[in-house]
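Residue numbers (the numbering used here), protein chains in the order written: chain Y, 1 to 438; chain P, 1 to 274.
It should be emphasised that the hints constitute simulated quantities derived from the structure, not laboratory data. Just so it is clear, CB atoms sit at the ideal spot from N, CA and C, and this is done for glycine as well. Errors might be hidden in some of the hints.
[As the list claims (entries may be wrong)] Dumping the calculated SDA-like pairs for lysine to any residue here, alpha-carbon to alpha-carbon at most 20 Å:
#1 Y:Lys371 with P:Ala113
#2 Y:Lys371 with P:Gly102
#3 Y:Lys144 with P:Ala113
#4 Y:Lys144 with P:Gly102
#5 Y:Lys371 with P:Phe82
#6 Y:Lys371 with P:Ile118
#7 Y:Lys371 with Y:Glu246
#8 Y:Lys144 with P:Glu28
#9 Y:Lys144 with P:Glu33
[Said to hold, decoys possible] To list a few chain Y residues with every Cβ distance to chain P over 10 Å, as calculated:
#10 Pro41
#11 Glu80
#12 Arg156
#13 His169
#14 Thr178
#15 Ser230
#16 Glu234
#17 Asn239
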Amino acid sequence: MTEERVIHVEALARVEGEGALTIRVRDKRVEEVQLRIFEPPRLFEAFLRGRRIEEVPDITARICGICPVAYQMSTVHALEAALDVTVPRSIRQLRRLLYCGEWIESHALHMHLLQAPDFLGYDSGLSMAQDFPREVTRGLTIKKYGNEILEVLGGRAIHPVNVAVGGFHRLPRREELTALLPHLQEGLALSIEVASWVSRLNFPAFTPSYEWVALVHPDEYPMNEGVITSRTGEAWLVNDYETAFEEIHLPHTTALQSRRSGRGTPYFVGPIARLNLNWDRLHPIARQTADGLGIAWPTSNPFHGIVARALEVIHAFAESIELIQHYQPTIPARQEYSLRDAEGCAATEAPRGLLYHRYRINREGTVDFAKIVPPTSQNQAQIEEDLRSWVTTLLDHDDRHIAQQCEFLIRNYDPCISCATHFLRVTIDRREESCSPP
Amino acid sequence: MMARVRPKLAVFKFASCDGCQLTLLDAEDHLLEVAGQVDICYFLEATSRVVDGPYDLALVEGSITTAHDAARIREVRRNARFLITLGACATAGGIQSLRNWGNLPEFLQAVYARPEYIQTLATSTAIAAHVSVDFELRGCPINKAQLLDVLRAFLADRRPNVPKHSVCLDCKRHGTVCIMVAQGVPCMGPITQTGCGALCPSYDRGCYGCYGPCEQSQGEAWGRSLVRSGQPVPTVLHQLRSFNAGAEDWRQAGDSLDNCASTAGPARTEEPRS
Numbered sequence: 001m002t003e004e005r006v007i008h009v010e011a012l013a014r015v016e017g018e019g020a021l022t023i024r025v026r027d028k029r030v031e032e033v034q035l036r037i038f039e040p041p042r043l044f045e046a047f048l049r050g051r052r053i054e055e056v057p058d059i060t061a062r063i064c065g066i067c068p069v070a071y072q073m074s075t076v077h078a079l080e081a082a083l084d085v086t087v088p089r090s091i092r093q094l095r096r097l098l099y100c101g102e103w104i105e106s107h108a109l110h111m112h113l114l115q116a117p118d119f120l121g122y123d124s125g126l127s128m129a130q131d132f133p134r135e136v137t138r139g140l141t142i143k144k145y146g147n148e149i150l151e152v153l154g155g156r157a158i159h160p161v162n163v164a165v166g167g168f169h170r171l172p173r174r175e176e177l178t179a180l181l182p183h184l185q186e187g188l189a190l191s192i193e194v195a196s197w198v199s200r201l202n203f204p205a206f207t208p209s210y211e212w213v214a215l216v217h218p219d220e221y222p223m224n225e226g227v228i229t230s231r232t233g234e235a236w237l238v239n240d241y242e243t244a245f246e247e248i249h250l251p252h253t254t255a256l257q258s259r260r261s262g263r264g265t266p267y268f269v270g271p272i273a274r275l276n277l278n279w280d281r282l283h284p285i286a287r288q289t290a291d292g293l294g295i296a297w298p299t300s301n302p303f304h305g306i307v308a309r310a311l312e313v314i315h316a317f318a319e320s321i322e323l324i325q326h327y328q329p330t331i332p333a334r335q336e337y338s339l340r341d342a343e344g345c346a347a348t349e350a351p352r353g354l355l356y357h358r359y360r361i362n363r364e365g366t367v368d369f370a371k372i373v374p375p376t377s378q379n380q381a382q383i384e385e386d387l388r389s390w391v392t393t394l395l396d397h398d399d400r401h402i403a404q405q406c407e408f409l410i411r412n413y414d415p416c417i418s419c420a421t422h423f424l425r426v427t428i429d430r431r432e433e434s435c436s437p438p
Numbered sequence: 001m002m003a004r005v006r007p008k009l010a011v012f013k014f015a016s017c018d019g020c021q022l023t024l025l026d027a028e029d030h031l032l033e034v035a036g037q038v039d040i041c042y043f044l045e046a047t048s049r050v051v052d053g054p055y056d057l058a059l060v061e062g063s064i065t066t067a068h069d070a071a072r073i074r075e076v077r078r079n080a081r082f083l084i085t086l087g088a089c090a091t092a093g094g095i096q097s098l099r100n101w102g103n104l105p106e107f108l109q110a111v112y113a114r115p116e117y118i119q120t121l122a123t124s125t126a127i128a129a130h131v132s133v134d135f136e137l138r139g140c141p142i143n144k145a146q147l148l149d150v151l152r153a154f155l156a157d158r159r160p161n162v163p164k165h166s167v168c169l170d171c172k173r174h175g176t177v178c179i180m181v182a183q184g185v186p187c188m189g190p191i192t193q194t195g196c197g198a199l200c201p202s203y204d205r206g207c208y209g210c211y212g213p214c215e216q217s218q219g220e221a222w223g224r225s226l227v228r229s230g231q232p233v234p235t236v237l238h239q240l241r242s243f244n245a246g247a248e249d250w251r252q253a254g255d256s257l258d259n260c261a262s263t264a265g266p267a268r269t270e271e272p273r274s
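Construct all of the structure, not just a fragment, from the sequences and the given hints.
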């Protein structure tokens with residue numbers, strides 16, 4: 001007698017973009033896990049060709065409404081690498097400040113509206129707000145303070161307008177930034193409360209063996225630059241990204257999946273990977289807070305992602321405050337550059353993990369070739385692998401419970417499907433067949 | 001007094017970046033207030049709760065790029081008493097409508113190792129090209145205050161108050177010095193609808209048209225005057241063909257400039273003949 005179950009989750013909720021999941025189980029063995037991304041392809045890498053390099057940060061921002069700054073950062077750094085432009089320290093610090101704003105906004109959204117409802121048994125942050133009004137309001141306040149950084153420095157929270165190849169279009173006046181300080185101080189205090197709150201959630205016991213991959217920088221928590229580093233101890237310059245990692249295209253998805261070249265194995269990017277590989281560079285206030293939380297770092301439990309995000313939010317508030325306190329505008333806002341035939345790549349740490357861009361440009365100042373590898377594409381193979389072992393522990397439950405638990409696991413990764421499309425629906429359609437002899 | 005039944009709200013996504021839906025979640029201070037006045041029946045980005053239609057109000061983000069989505073939007077329309085589209089993708093086809101001027105098989109080949117796995121249409125089109133739309137809220141991304149006004153207008157059964165004048169007027173109101181006049185920087189402000197708060201000129205750069213054509217936009221005249229002042233045709237063309245490339249006035253202006261340029265020969269700065 002064989003028993004076959006096909007579990008489908010038709011449309012994953014509380015993720016950014018559209019995806020589905022199909023799991024096929026035969027005789028209590030998970031045969032197949034498919035994370036299907038049916039988000040329609042938008043073909044950015046195709047229509048970027050021929051566009052002027054100045055337009056590229058405005059265009060790539062539109063890949064994702066939740067992490068536009070990440071796209072703008074990887075874009076400008078890759079183009080500046082091609083143009084052989086080095087931005088001065090003041091510009092570099094402002095870019096870190098902008099990234100801090102996005103980490104706060106994106107992490108606060110994910111923790112409170114997308115992920116916490118799973119732990120506490122609600123279908124949304126909005127319904128959770130009826131029983132946890134203080135926690136949800138606190139989360140929205142933190143998110144708003146992150147957005148305020150983006151609004152002042154970027155012009156607006158979604159698709160900021162101020163990022164330019166070579167620097168910024170306009171440098172903020174010192175008082176524009178210092179006006180943010182009272183909210184950032186309050187945000188820092190609130191985010192310490194959040195870390196304490198999320199660390200008391202009930203974490204399922206699930207600790208796969210991951211290959212964490214993140215940027216590592218000798219003296220700062222990684223955002224805009226660093227060496228790509230694996231848990232294995234291997235490290236690569238960003239220029240060698242495409243040698244170390246490869247993208248493959250599977251029939252069930254409009255997203256390309258990344259794996260380790262040669263080995264074909266998945267790897268794990270995002271806040272947990274960053275934290276595990278960069279603990280010593282985490283802001284002292286975040287480390288001090290972490291010490292009292294009862295979670296041992298490094299961790300291999302993906303459900304600790306919500307705590308990793310909370311610690312990164314503390315870091316981002318603390319660093320934003322220091323960056324603003326030390327800020328002195330220096331002229332010019334933008335470095336000059338001369339156009340040339342060249343190629344450049346860059347990787348930065350988007351809220352969801354490593355984001356790699358490579359461009360080939362020409363002396364007319366337009367793009368000849370673009371390649372963009374978002375964090376969710378890099379995590380997709382790992383999510384499928386996680387689901388395979390996670391489902392195995394759940395087989396005695398009904399389909400509805402399995403589907404719910406799969407979505408819970410997937411949301412740890414904060415998948416951004418809009419980005420990865422070039423990413424996911426969970427379908428649990430349980431079919432049980434008794435094959436009795438005729 | 002009769003108990004008020006909360007209207008059923010659904011939020012649907014098509015090809016897009018999620019930014020316009022996010023604008024609703026970004027209404028931090030008003031989010032719980034608005035959520036209390038409607039019954040959120042379908043909003044996958046925010047909730048796992050799914051209640052079947054029909055819905056009183058459907059908010060639609062994104063453009064139509066697949067045959068499946070073309071069928072899905074008709075289903076959404078059938079199930080919605082009121083349908084409002086949000087953002088440049090839904091109202092003009094979005095940046096992904098650049099494929100409308102390209103070659104789809106070649107585009108797919110440029111992005112995917114196995115283009116045969118991908119099913120997509122040769123065009124990206126606005127929602128209104130497929131079904132009737134009750135109100136279009138423009139912007140890339142939409143403006144939070146305008147979105148809240150549209151929702152409050154729906155709840156109060158009044159017309160939304162969304163101005164259609166150009167960005168220029170807002171620069172004047174804010175006292176922002178015209179960067180086109182003062183610095184010669186190409187700016188789409190004269191032909192772009194307000195909504196952003198005239199953001200770009202206040203950040204020392206020209207407007208790049210996030211909110212699409214304003215009322216009585218004269219895209220073609222704008223394009224020609226830029227070319228006359230020495231801007232290369234491809235640069236001007238790219239400005240018209242970006243996030244709102246599919247908006248009627250700018251589509252026409254771009255195509256006309258493109259035709260003139262190709263008949264006028266290769267000289268990039270040559271003035272197109274009218």
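Quick rundown of the hints versus the structure:
1. Y:Lys371 with P:Ala113: holds (12 Å)
2. Y:Lys371 with P:Gly102: Measuring from Cα to Cα gives roughly 18 Å; hence the hint holds.
3. Y:Lys144 with P:Ala113: violated (40 Å)
4. Y:Lys144 with P:Gly102: violated (40 Å)
5. Y:Lys371 with P:Phe82: violated (40 Å)
6. Y:Lys371 with P:Ile118: Answer holds: Lys371 (chain Y) to Ile118 (chain P) is near 18 Å, not above 20 Å.
7. Y:Lys371 with Y:Glu246: OK: Lys371 (chain Y) and Glu246 (chain Y) at ~12 Å, within 20 Å.
8. Y:Lys144 with P:Glu28: holds (7 Å)
9. Y:Lys144 with P:Glu33: holds (16 Å)
10. Pro41: The assertion about Pro41 (chain Y) is violated, with a minimum of 6 Å to chain P.
11. Glu80: holds (18 Å)
12. Arg156: violated (6 Å)
13. His169: violated (4 Å)
14. Thr178: Per Cβ check, Thr178 (chain Y) is outside 10 Å of chain P; nearest 19 Å; holds.
15. Ser230: holds (24 Å)
16. Glu234: holds (25 Å)
17. Asn239: holds (22 Å)
Checked against the numbered hints above, the structure violates hints 3, 4, 5, 10, 12 and 13; every other hint is satisfied.
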